[in-house]
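Protein chains in written order, with this note's numbering: chain X, -18 to 453; chain U, 25 to 458.
Keep in mind that the hints are not guaranteed to be accurate.
Claimed, not checked - DSS-like mimics (lysine-lysine), calculated; alpha carbons at most 27 Å apart, straight line: (1) Lys454(U) / Lys194(X); (2) Lys454(U) / Lys232(X); (3) Lys307(U) / Lys238(X); (4) Lys437(U) / Lys323(U); (5) Lys307(U) / Lys232(X); (6) Lys104(U) / Lys438(U); (7) Lys212(U) / Lys235(X); (8) Lys268(X) / Lys139(U); (9) Lys104(U) / Lys72(U); (10) Lys355(U) / Lys227(X); (11) Lys235(X) / Lys355(U); (12) Lys355(U) / Lys455(U); (13) Lys246(X) / Lys139(U); (14) Lys119(U) / Lys246(X); (15) Lys173(U) / Lys194(X); (16) Lys455(U) / Lys246(X); (17) Lys235(X) / Lys437(U); (18) Lys232(X) / Lys173(U); (19) Lys246(X) / Lys268(X); (20) Lys246(X) / Lys72(U); (21) Lys437(U) / Lys238(X); (22) Lys235(X) / Lys438(U); (23) Lys238(X) / Lys119(U); (24) Lys284(X) / Lys13(X); (25) Lys139(U) / Lys227(X); (26) Lys455(U) / Lys227(X); (27) Lys355(U) / Lys232(X); (28) Lys398(U) / Lys194(X); (29) Lys232(X) / Lys104(U); (30) Lys139(U) / Lys238(X); (31) Lys72(U) / Lys232(X); (32) Lys72(U) / Lys173(U); (33) Lys173(U) / Lys254(X).
Note that these hints are calculated values from the structure, not bench results. All figures in this text were calculated on a predicted structure; none of them were measured in a lab.
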Amino acid sequence: MALENVKINALKGTIKYSSRTYVYISASRKIKLESSSTYAGIIIEGRNVEFVRMVLRRIRGSHNPDVYLKPVFLMNGNAHKDPLVAKLIDGVLNSFDQIPLIHDITESINQRKSELTFINSISFEAQVISKLMCYMFTRDEKEFEPVPYALSSTNYSFPFLACNYEPSDEYQIFDLLNTAVSEGLFSAEYLDRVYLCANCKSSHLSYRETCTKCNSTNTDSFDIVHHFPCAYVGPITDFTNDIDDKLNCPKCSKTLKHIGIDYDKPSVLHVCKNCNHRFQDFNVLAKCMSCTHDNPVEQLVSKEIFTYTMSKKGEDVALRGYSSTPKDIEEIIGTVKFETFKTVVKYEVERIRQTEGSSNVVAVNIVNAGQFYAKVGSNGQQAFLRDIVAEIRSSIRSSDMITFYSSEIILITMNDIPSKIVSRILSDILDLLKKLIENNFKDLAIDINGKALQLNLETTSELQVNELINSL
Amino acid sequence: MNLNEFFEYLSAMGISRFARVFWFFVFFELIRYVVVDFISLNSAFMKKRFTRNLREEATYRFKLEQPLVSVIIPGKNEGKHIYKLVMSLREQTYKNIEIIVVDDGSDDDTPFIGKDMERNGFIDKFIRNEFRGGKASAANLALRFSTGKFVVHMDADCSYNRDAIFEIIVPFYEDDRIGAIGGNVMVKNYKDSLVTTIQAIEYYDTISIGRIVTSHLGIYRVISGAFGAFKMEAMQQIQGWDIGPGLDGDITVKIRKVGYLIKFAPDAVCLTNAPNTFQKLAKQRLRWDKSLIRFRLRKHRDVFFPNQHFNFPSFISFLENITYNLILNVKWYVYVIDMLVNFPSELKFVIYTNILLYTTVNYFKFLLFSLFRKYKNAPVSYFLIYIPLMVVYFGYFLRFVRTIAYIQEFFFKKSYDDPWNPPKSSAQAKKLGI
Chain X
-18 MALENVKINA LKGTIKYSSR TYVYISASRK IKLESSSTYA GIIIEGRNVE FVRMVLRRIR
42 GSHNPDVYLK PVFLMNGNAH KDPLVAKLID GVLNSFDQIP LIHDITESIN QRKSELTFIN
102 SISFEAQVIS KLMCYMFTRD EKEFEPVPYA LSSTNYSFPF LACNYEPSDE YQIFDLLNTA
162 VSEGLFSAEY LDRVYLCANC KSSHLSYRET CTKCNSTNTD SFDIVHHFPC AYVGPITDFT
222 NDIDDKLNCP KCSKTLKHIG IDYDKPSVLH VCKNCNHRFQ DFNVLAKCMS CTHDNPVEQL
282 VSKEIFTYTM SKKGEDVALR GYSSTPKDIE EIIGTVKFET FKTVVKYEVE RIRQTEGSSN
342 VVAVNIVNAG QFYAKVGSNG QQAFLRDIVA EIRSSIRSSD MITFYSSEII LITMNDIPSK
402 IVSRILSDIL DLLKKLIENN FKDLAIDING KALQLNLETT SELQVNELIN SL
Chain U
25 MNLNEFFEYL SAMGISRFAR VFWFFVFFEL IRYVVVDFIS LNSAFMKKRF TRNLREEATY
85 RFKLEQPLVS VIIPGKNEGK HIYKLVMSLR EQTYKNIEII VVDDGSDDDT PFIGKDMERN
145 GFIDKFIRNE FRGGKASAAN LALRFSTGKF VVHMDADCSY NRDAIFEIIV PFYEDDRIGA
205 IGGNVMVKNY KDSLVTTIQA IEYYDTISIG RIVTSHLGIY RVISGAFGAF KMEAMQQIQG
265 WDIGPGLDGD ITVKIRKVGY LIKFAPDAVC LTNAPNTFQK LAKQRLRWDK SLIRFRLRKH
325 RDVFFPNQHF NFPSFISFLE NITYNLILNV KWYVYVIDML VNFPSELKFV IYTNILLYTT
385 VNYFKFLLFS LFRKYKNAPV SYFLIYIPLM VVYFGYFLRF VRTIAYIQEF FFKKSYDDPW
445 NPPKSSAQAK KLGI
């Protein structure tokens, strides 16, 4: 393979081959992932597995198809031996002169990507299912397999999906996949079963035999000895002495000779060193190593692990776009559909053309909304969105309209209001939403921004709205 | 033979001839089971009346101390009974009890039931032996982990009056020398069949009344396994039960041998299910009767010899037991031969007279002794029609079974082959002659 066809720009960190440009990411050369959408593929330095994992999580966890579907390759190192990493990359390179070898893969992924339709969905669940189907379609994969993975809180990682959830929230994937199966997008085949902590849904459990009374693990066990001739029965300590190894019956003083002939050990007795309770059957508790909750085993949450195969319907849906799951409500009360919103804005542009009035569209972007939704699941997301709408409604007039462009981006019309006041209202809305999120998700950082656009008559309303969205 | 001939035969018979022909009845049975019983019963009740204060003081001390009582229930495949029993124990008026259930190698649902009851706090301890060790070892295992001042042994298939535990423990406070107390066992299923009805009469009369008498005379022999209470220090001294069958009588002897008194508590009532066929009854009685030879004549024969551990009540108890069970059993055959040889011409009159005598005495005893019975689980009238059958039951059935048991045990040591005990234990016991 001729290296001369591969052009490396060390300054920009790009590698060009046959009109396609790849971007190179290493621990010392980081880029803004959104900007990677312009490249044909991403090459990550593969020496530091944690770094690779972090980058891959960000790429595959993005909700931008130009990012999460990007062909990703590893360069050097052993990071690809990590089972999660191995499932999230499209190939491994040993040197840049091997780039021609991955060219076909890149072409194929990008070609298949161009066949897909992407529909913005309010539903986080639908978004993630859609992402998975698109990802599998672009990789021409039918099977979706979980991998045993110690770093996953559920012990089995669903590689692509896991990137959309915090490690502690990965258990939500079970419900997500159940929805996808019930929708007929996937078929499932049983693989294994895991047990999750009833408190935090982690599968990092330590099973311990404990005292039935005080749950202490500090116990001793003794054989129970039955001496046949005199029917004495007691712990073996009753028969032992400090002088020799002989076992002497405390009742008849005879020396025990032959197990099965003159004595046997019909059972075992455990003694708790903490409360001195004597018992025969341990209580088994599963201590969660994530939250330290001690679970009685019967209270553990049992989850079946399946391997999944994308159905024909799944493929079709991936091509056409997938916007909602049966569990989602059609729309959030107090909002209009995006299509309706676009029509209203179109008429608003016509109105200001005729009345010389002013009109504004405000966009609010909850950048890491996916993190919040991943935590609360489908029902929680709906409730959360209703709260958001209620907060926004409290700051705007009843004649103003709200729509969800996606689960992260909210658009609001504000007609006949000066720009300054619009900016102030936007600032109030952002503050309110921050407080709302802070109250609901105390341990998550909030990344929220907004922008206001005064509609003009030079370009179409659709273009203006798209520009506003893209500028966020 | 008509009735006139029969009465003529009786009226022509003088007292001395009557005594000669019916010597077995007059000199043994009438004196021991009617005269002695009646006198003793009266004496016992008089004593009870005059020692009412003692009883009241004992009750007060018991209520004040409220000692922990360990209720032990050993058994195999008793799961189906244990739940009912434990639920009934929760009804007991005396509350400071710990319940220890030992599962002796059950092969049914008993382990699951027991563990579940322990987990739910219905019982304090459930101990399971994977391999069956026999009743004695199971009881000893329960004893080993009992922490009460008193131990009450119960059978899983029995039920108990609400005040049974209270009533069986109070006598310990009447006399510190008491080491063990037997409960009053009655037949629960007395309506099941003729066999159970007859046994109910037997338990009413011979067993219950007999135990009041022997307890009063200080020669009470067997604390029933179905319901017996033991002082923990006495049990520790004798180190629990020895290998059976017949371990109930054996432990009574052991406790008396170390100097304790044994008492019967007629007010501590336990209802048991008696065998409901003659076959099962015969099997049970063969086992009971063999133990007389095995334990009284062999294992504890030292009771008869004057030595440093000589104990007079034990000696009398053994003597009474052997006289009235073993010797009289033999003597009855002597009586039969005597009649066949010396009175062959009047044999039919002898038989009818004996039946008449025994039936009359049985009615007399049953009705008279009913006055001494405080607790009745069935109306006296229910049994009246069955009393005549007791002649056949006592005179022939039980005597015949007893004879077989004595021969089997005396000459063949058959008790060691009894499946009641696991072979591994019986083999060792036989080898050591215990």
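Outcome of the hint check:
1. Lys454(U) / Lys194(X): 42 Å, violated
2. Lys454(U) / Lys232(X): 18 Å, holds
3. Lys307(U) / Lys238(X): Distance ~35 Å between Lys307(U) and Lys238(X) Cα, so the pair is violated.
4. Lys437(U) / Lys323(U): Holds, because 13 Å separates the two Cα atoms, which is no more than 27 Å.
5. Lys307(U) / Lys232(X): Not satisfied, since the Cα-Cα distance of roughly 31 Å exceeds 27 Å.
6. Lys104(U) / Lys438(U): 31 Å, violated
7. Lys212(U) / Lys235(X): 43 Å, violated
8. Lys268(X) / Lys139(U): 23 Å, holds
9. Lys104(U) / Lys72(U): With a Cα-Cα distance of about 40 Å, the restraint between Lys104(U) and Lys72(U) is violated, given a limit of 27 Å.
10. Lys355(U) / Lys227(X): With Cα atoms ~52 Å apart, Lys355(U) and Lys227(X) exceed 27 Å; violated.
11. Lys235(X) / Lys355(U): The given pair, whose Cα atoms are some 42 Å apart, is violated under the 27 Å limit.
12. Lys355(U) / Lys455(U): 33 Å, violated
13. Lys246(X) / Lys139(U): Judged against 27 Å, a Cα distance of about 20 Å means the pair holds.
14. Lys119(U) / Lys246(X): 34 Å, violated
15. Lys173(U) / Lys194(X): Holds, at about 23 Å.
16. Lys455(U) / Lys246(X): Roughly 21 Å between the alpha carbons, so the hint for Lys455(U) and Lys246(X) holds.
17. Lys235(X) / Lys437(U): With a Cα-Cα distance of about 24 Å, the restraint between Lys235(X) and Lys437(U) holds, given a limit of 27 Å.
18. Lys232(X) / Lys173(U): 20 Å, holds
19. Lys246(X) / Lys268(X): With a Cα-Cα distance of about 32 Å, the restraint between Lys246(X) and Lys268(X) is violated, given a limit of 27 Å.
20. Lys246(X) / Lys72(U): Violated - the C-alpha atoms of Lys72(U) and Lys246(X) are around 48 Å apart, more than 27 Å.
21. Lys437(U) / Lys238(X): 25 Å, holds
22. Lys235(X) / Lys438(U): This hinted pair holds, its Cα atoms lying about 25 Å apart.
23. Lys238(X) / Lys119(U): 43 Å, violated
24. Lys284(X) / Lys13(X): 37 Å, violated
25. Lys139(U) / Lys227(X): 34 Å, violated
26. Lys455(U) / Lys227(X): 22 Å, holds
27. Lys355(U) / Lys232(X): Roughly 40 Å separates the two Cα atoms, so the pair is violated.
28. Lys398(U) / Lys194(X): 43 Å, violated
29. Lys232(X) / Lys104(U): Violated: Lys232(X) and Lys104(U) sit about 33 Å apart, past 27 Å.
30. Lys139(U) / Lys238(X): 33 Å, violated
31. Lys72(U) / Lys232(X): 38 Å, violated
32. Lys72(U) / Lys173(U): Holds. Lys72(U) to Lys173(U) sits at ~26 Å (cutoff 27 Å).
33. Lys173(U) / Lys254(X): The given pair, whose Cα atoms are some 24 Å apart, holds under the 27 Å limit.
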